[in-house]
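Go by the hints and put chain B onto chain A.
Protein sequence lines correspond, in order, to chains A and B. Take the first sequence: its letter number 6 is residue 6 in my numbering, and every next letter is one higher. Count along the second sequence starting at 1, add 266, and that's the number in my numbering.
It is worth saying that the hints were derived from the structure and are not from the lab. Every residue gets a Cβ at the ideal spot worked out from N, C-alpha and C, and that includes glycine. Do not rely on the hints blindly, as some may be mistaken.
What the hints assert, rightly or not - Chain B stretches covered by chain A per the calculated footprint, using a threshold of three residues with CB under 8 angstroms from any CB of chain A:
id: 1; region: 437 to 450
id: 2; region: 484 to 497
id: 3; region: 501 to 515
As the list claims (entries may be wrong) - Residues of chain A placed beyond 10 angstroms of chain B at every Cβ, according to the derived structure:
id: 4; residue: Ser-21
id: 5; residue: Ala-25
id: 6; residue: Asp-40
id: 7; residue: Gln-52
id: 8; residue: Pro-71
id: 9; residue: Ala-80
id: 10; residue: Ser-167
id: 11; residue: Val-199
id: 12; residue: Arg-207
So the chains spell out like this:
There are 2 protein chains.
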Amino acid sequence: MLIVGERLNTSRKAVAAWVTSRDAAAVSAEARRQVEAGADCIDVNAGTALGQEPEALRWLVTVVQGAVEAPLCLDSANPAAIREALSAHRGKALINSITGERARFEGLLPLVKEHGCGVVALCMDEAGLPASAQDAVAKGSRLVERLLSEGVPPSDIYVDPLVRPISVDPVAGPSVLEAIRALKQRFPGVRTICGLTNVSFGLPLRRLLNRAFLVAAMAAGLDAAILDPLDARLMALMRAAEAVLGLDRHCARYLKAYRAGRLGEE
Amino acid sequence: MLIVGERLNTSRKAVAAWVTSRDAAAVSAEARRQVEAGADCIDVNAGTALGQEPEALRWLVTVVQGAVEAPLCLDSANPAAIREALSAHRGKALINSITGERARFEGLLPLVKEHGCGVVALCMDEAGLPASAQDAVAKGSRLVERLLSEGVPPSDIYVDPLVRPISVDPVAGPSVLEAIRALKQRFPGVRTICGLTNVSFGLPLRRLLNRAFLVAAMAAGLDAAILDPLDARLMALMRAAEAVLGLDRHCARYLKAYRAGRLGEE
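Pulled out of the complex, with its shape left as it was, chain A reads as follows (with noise of 0.2 angstroms):
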């Protein structure tokens, strides 16, 4: 499993306020934590700094790049701002992300192909969010097939099903399961990617049916998770999850997690 660290996200408080005055320890210690939690990648998002996100995104990858040695997810939907980013940015970066809507797929494309970047895929298109797995599957088939005749390769797009609350629809937790594996068995070498919480909205102990959503996802096929790295229990059943699923070879990762005391109490 790849893991994206979310917490570097303008929408939480502290890191608006850390951004807003450029507070470098601050980013720097919260990319630095995520990693040490086992984040492989680390999400960056200035969002809310409105009419300033380039400055803002170019400012919070130099900042995360100083202080730790994982690639970056870049999250905007401005391709201004990813232009930006990925000027200062070192290695492969993760754009975060393109969907089939017209601007943000011809703003965001030309600047995938020129950096070699992955990229999330949302299964969303100009008529929006998806209605059900079969409009998930349709809209982000799309996209994939787009993408690849672009020449970007399989395993750089990562195709995101969007998850929604089962608060709201009784059937969104299974509705993403079988358009991860819908799509995993259409576009084999395409990866698939999803946020945990969206899933858990409007119900008590968010976190705890974020975790068993997690786990189940990753049955379905997932391959990369956007989360908080800082929980430590999501982050002890997901090796626990690994390790049951075949992923982790030796149960190597496993042990290690355990070894280092990461994975808490049974």
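Same frame as chain A, but now just chain B:
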């Protein structure tokens, strides 16, 4: 999910002592604790009562059914013990378990048919345990076909793919998930069941691995599990998994468990 509480098994020293001394109060209390924690069915096993298993199992049935309303899972490879237990059982029992081995099959089948019991069908035969997912499906399919041809209704058959330790076989986990999916596809209406604890044999923090495996198996379509319902974290995650998998209408069981304080912390 049908939860079969596994604690009344004489392989546990305390339970063996209760059975030997016919301590009805202790057995009743253990049965009640399991039902209060969410067990739908109580497994009773007197396998260590050598030479006295039929009488001991019958005693367990009488005591447990005097304490709780739940049906029982009569756990023995010995047709004589199952026969004796059934003579005392009220309602519809689940027999645990039949196999493709000739003596066991021929000894138990008449009891299943006569009493209209459910039956756990292990994916094993004269040649032994399954060597792979394909082998489990082959052995399980032959056994299910024989039971169906004898008139046992599909929904009374609980096929168990038999879980091996991931520490011994790296693909033990995914093999079980594959077998569950294949058996459910091949025999619509037939149910699947498994125990959890074997998967984690030989590894640290076994209950963490068992929890991850339960959710993965549920995502693959598992209908029933034999487990320790007093493992509060396991039961909380199972309720969360039912909710995210669309198996808990309006999240009613999840919310009921939450209000009863049975889901613990996030």
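Ascending list of hint numbers which this structure does not respect: Violated: hints 10, 11, 12.
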